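Number of protein chains: 6
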Amino acid sequence: MTDSQRQDGRAADALRPISLETDVSKHAEGSCLACFGDTKVLCTASIEDQVPHFLRNSGRGWVTAEYGMLPRATNTRSDREAARGKQSGRTLEIQRLIGRSLRAVTDLAGFGERSIRVDCDVLQADGGTRTAAITGGYVALHLALQHMLDLSAIERLPFSDRVAAISCGLVGGRALLDLDYSEDSNAQADANFVMTGAGGLVEVQATAEQDPFSRAQFEALLSLAETGVAQLVAAQQEALGLAG
Amino acid sequence: MTDSQRQDGRAADALRPISLETDVSKHAEGSCLACFGDTKVLCTASIEDQVPHFLRNSGRGWVTAEYGMLPRATNTRSDREAARGKQSGRTLEIQRLIGRSLRAVTDLAGFGERSIRVDCDVLQADGGTRTAAITGGYVALHLALQHMLDLSAIERLPFSDRVAAISCGLVGGRALLDLDYSEDSNAQADANFVMTGAGGLVEVQATAEQDPFSRAQFEALLSLAETGVAQLVAAQQEALGLAG
Amino acid sequence: MTDSQRQDGRAADALRPISLETDVSKHAEGSCLACFGDTKVLCTASIEDQVPHFLRNSGRGWVTAEYGMLPRATNTRSDREAARGKQSGRTLEIQRLIGRSLRAVTDLAGFGERSIRVDCDVLQADGGTRTAAITGGYVALHLALQHMLDLSAIERLPFSDRVAAISCGLVGGRALLDLDYSEDSNAQADANFVMTGAGGLVEVQATAEQDPFSRAQFEALLSLAETGVAQLVAAQQEALGLAG
Amino acid sequence: MTDSQRQDGRAADALRPISLETDVSKHAEGSCLACFGDTKVLCTASIEDQVPHFLRNSGRGWVTAEYGMLPRATNTRSDREAARGKQSGRTLEIQRLIGRSLRAVTDLAGFGERSIRVDCDVLQADGGTRTAAITGGYVALHLALQHMLDLSAIERLPFSDRVAAISCGLVGGRALLDLDYSEDSNAQADANFVMTGAGGLVEVQATAEQDPFSRAQFEALLSLAETGVAQLVAAQQEALGLAG
Amino acid sequence: MTDSQRQDGRAADALRPISLETDVSKHAEGSCLACFGDTKVLCTASIEDQVPHFLRNSGRGWVTAEYGMLPRATNTRSDREAARGKQSGRTLEIQRLIGRSLRAVTDLAGFGERSIRVDCDVLQADGGTRTAAITGGYVALHLALQHMLDLSAIERLPFSDRVAAISCGLVGGRALLDLDYSEDSNAQADANFVMTGAGGLVEVQATAEQDPFSRAQFEALLSLAETGVAQLVAAQQEALGLAG
Amino acid sequence: MTDSQRQDGRAADALRPISLETDVSKHAEGSCLACFGDTKVLCTASIEDQVPHFLRNSGRGWVTAEYGMLPRATNTRSDREAARGKQSGRTLEIQRLIGRSLRAVTDLAGFGERSIRVDCDVLQADGGTRTAAITGGYVALHLALQHMLDLSAIERLPFSDRVAAISCGLVGGRALLDLDYSEDSNAQADANFVMTGAGGLVEVQATAEQDPFSRAQFEALLSLAETGVAQLVAAQQEALGLAG
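So the protein lines, in turn, are chains A, B, C, D, E and F. This note's numbering applies: residue 353 is where the first sequence begins, and numbers increase by one. This note's numbering applies: residue 353 is where the second sequence begins, and numbers increase by one. This note's numbering applies: residue 353 is where the third sequence begins, and numbers increase by one. This note's numbering applies: residue 353 is where the fourth sequence begins, and numbers increase by one. This note's numbering applies: residue 353 is where the fifth sequence begins, and numbers increase by one. This note's numbering applies: residue 353 is where the sixth sequence begins, and numbers increase by one.
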């Protein structure tokens, strides 16, 4: 392994193998199994004909997300949140992030007083579960709204853009794209970037795990993310059968 | 469709297509994706080096199960139990049943003071989730103990027999094996039978959904179950690479 | 004690002394203190003029049950469920069973959009609490509906039959009726049968506590239960002042 | 009914019929069914061989109480606290009061590092449940400690005195002893007094339900309570088979 | 220090330095920072245009209180109740007391179908937090209703009187007014008195912490309280800019 | 007001008036009331002589934070989290952020196996509560460790640097520093930056509230933050009585 290679042989700016398998659920209006390497997240979008209280009679709909992880999705089994009786701070933080990200590209006035709930459940985790959830969650949401369009329940797809997400981090002094779990565990800093197809920033979250990082280091991570998200958006287009 | 056919063309005593895919988890010591038709249950077995308080210094281990259903595993989305903050009575009832069933064929003195937790998570539901969970849960448990045997952590597999489960029901006056969701919804009575490879009964649960049922009707269900479980045990043997 | 006797001198097919004392509550519309030997369950039926959401404007009512056990009803004190902040899986399982059993003989369209809640609280436990709860719960429910009839709120009692329940088990190789706690603790298998006055089966629950049991053993338990339930239904008739 | 009579014919300073039935539980070390008129509270005392964390290795024991009310103990059914998942403020307040009252006359250094838990469960409520609970709880506690004495686990009963409690209130301008529910509902003020056999005050709780009350009115309530508690302590002595 | 002095030099019948600072919140309709020596309680009154269910269409409003303590308000840090997931019995007991006390002097028919919620949050504790909360809570409530009067939302202030509260206790054989934490910790008995400006009693709570107390001792505490509350009501008048 | 002015007259790159008042708690080892304009956060640091389970016998300590908001800290009253029985996702997210930020500059091996808990309670909110909490939380933590140093419990202060935080946002097309609530409510994007005294980045969180933002816009926010944090660190130094 040369200095420029990662444990799995990837270049610093390479994504893991990405797959976005659609229509994986018999029941959900839209669904996508998003795999970033060994990370597998099942995303389903469910449409309900009612909105939260604060939107009643507003003519607007709502998009929200929930996130969960199967107990043995991880290397060491975690307690089941349903059994512990509450969701962890990490879970709540991630599902709030997914929901904000999806709403950022969706015209909430464009599909009536309906709620779309995007469930992102991690079947297997190997780093980057929240970014796979956002990327696959968009696909599931898109398919659910396409379903409504096919039924003539709406007249056009209410999206202003696509949205996808990727993690980056500083590991051993180098900026790397799309960290797997072992890289993430050793990162000096890690960051998650949510961006649109047009390259706009929707969410930035960067955290020093050890020493603080410099502005230049942060810029390097952001540049990597721009590369990665562009590829993810292309993969979304392909999964949705749309021209790039 | 003749009178003797079911909606999907099955005979009254036919199982749905069954598959028991093993080693589907990168992390778990044992795993199995159990599919009974469109019902898909991911079963993982996790070994921990400690036992519940009541077994400390007993030289015995413990096997327990947890059951969950992804929110959109069903036709209509259910609330996430982790978000509601508690598991439903149905969930608790099913996971207690799975645990008892697995313990019935496992020698708890045969693998040291360890706990094995079998997680059964329903990815997609179409009737019979608890029976798929028991059938697949046994495979995952077997693989986890085989894993310990391969590592010489135990000297032999601590099983007295196999265990599998199937549902039966009275629908439109006929006794049917392995109900799918639409049959289950219309059943006059439904029953779940947990049995061993040798044909012993481990658990019987039968419920009148409409009128009470007669002893003769119950006997007919039990006979169907004997047929079904024999096939499931054969499928387990094949999945585990064992001679029938 | 000869081989054919049980610790308390009963024959294998004998019930413990049964009493069904009615009108034990100053407040409830119907009430019954059901005693099976030393097991004492206070059952009250409460009528409310509203139904759960899913029945609104359906013209139908609802019957549901709740089950509880006083902390020192048992030999060793249990934590109070209200203090622990949740009901155990066992509690939820039992109260779901009681509710289904009572609904099985009640015409839900026969008493308007009302809910009847049957509370079964175990004052003292010595085995068979769920069967005493069902047997006494029916009496309380019957009295509450009789109360409505007396007030001309309904025109006839909306029952298709009586319902009662009994436990049986395999102890020391013998099939025994109506296990007390010490027998239950040593049972190879135990079963609960809910049956109607006409002998129809409403619920069957059988569990191997040690080795699996055979079909023939199960049949023996079922035959015992038929004998026991017939006596319980007669006791209900007497308690309700009805001709046998 | 003359002006000086109450609805049930009692004089202003008369208790309702009081009964303190002992040894009503097959399992508990001490038990008492305390009835103040139609108010019935089942009190059990349970001994455990461990103490709360803050008393370990102190050589001292602990006495605590829990209070509950069956859902249909009252005229209108209340939700079951175990089902709601938490105890109400009223419940917590009452059980803290019972615990403090019992500890006030018990030498906690006199029965080793043991905990005695006194459960007071209201089977039927008609006003004064907390005072019946304290009065009957003392009897149950006394019997449990007598039980230890009989087993030679302690050398003497660790009581400094008896303790009992009674309610009083201002109704229609008059000070009345031992209010029933209908009196309590119409009271301008109500008060609960916990006192020892020697007449010492342990707890005083008085509340204006409507207008504030004067010092003179309060004094009248206190005088009534002194009369009532003296009778209750005599009833305790009799129930315990002790000389007055 | 002579025998007649307390640790801080106060006479037995002296209050600690009292301050009632008003309008300390930018947002609340009424607010008061109540300090009794080192005890500091922030009281805010919030008006909402709706009432609890049981008062809808009654033409009446509601006043309620909530009480909380910052984790490090005390000498030893306490767990945060929001993190523990429930309020302690002590918290619930105190906030019920505050609510009852405020309602005792407020005409609930005098401000429409509105709710006023008085939050009493202890920033620093040194004994007497509940009495400071009641005394300051009244000021916050008064200011909120004055605010409604200024806006002509009501025509007059709906108060029948002022209300304030003080603690007293028996320490080292002496009756002392307004205990601080160190005195409270050593008290043989402590009591809280809630009284009106006119001297009427609203709430009395007295507890023997060690030996029972006599009627004469209780009277001494009550006399001290009358002195203390008179001064507190004067301080309220001054804080509110009203003539004494 | 010219185009370049904000509602309160500040320049785009100006902080609100900042104050960091120290030693505001009688009990806590370290405390600071941090005010950013009308936002007031009370920060206390509490030292405990034990560490979480995962650090036992590691020779290392732990720093953690909790965040809360008084119910009427905000313009519209929020439900009390202790009463609702759980902390919101927002609360958990903020307290995790505060904890990570403080640990980033603290040598956890430098103060033994002790835990320091920093409570940040918002007394009044007007935007930027989390940044005030981090900035004031550092001061409280510093004082608590200074307290240990004064007691010779440690030999030197275990800090690698200072840490402070500030918010920035895009409002009406302009990048502004230290948003107040009304600015925050209208922001197209808002961001929080946690930085060290040496200018290193510890945490970056940026969110598009409406349209996505560009890389250039993000850079402008970051530049503002660098200015702001430098001033906050200087204020911390002054509050701590240290040379700039």
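Hints may be right or wrong, so weigh each one.
As the list claims (entries may be wrong) - Here are some of the chain D residues that sit facing chain E, going by a computed Cβ distance under 7 Å:
id : residue
1  : Arg448
2  : Ala558
3  : Thr559
4  : Phe570
I should point out that these hints are in silico values taken from the structure, not numbers from a laboratory. Since the model is a prediction, treat every value here as computed from it, not as a measurement. Backbone N, C-alpha and C fix where the C-beta goes; we use that ideal spot for every residue, glycine too.
Evaluation of the provided hints:
1. Arg448: holds (5 Å)
2. Ala558: holds (4 Å)
3. Thr559: D/Thr559 check passes; min Cβ-Cβ to chain E is 6 Å, inside 7 Å.
4. Phe570: holds (6 Å)
Hint violations for this structure: none, all hints satisfied.
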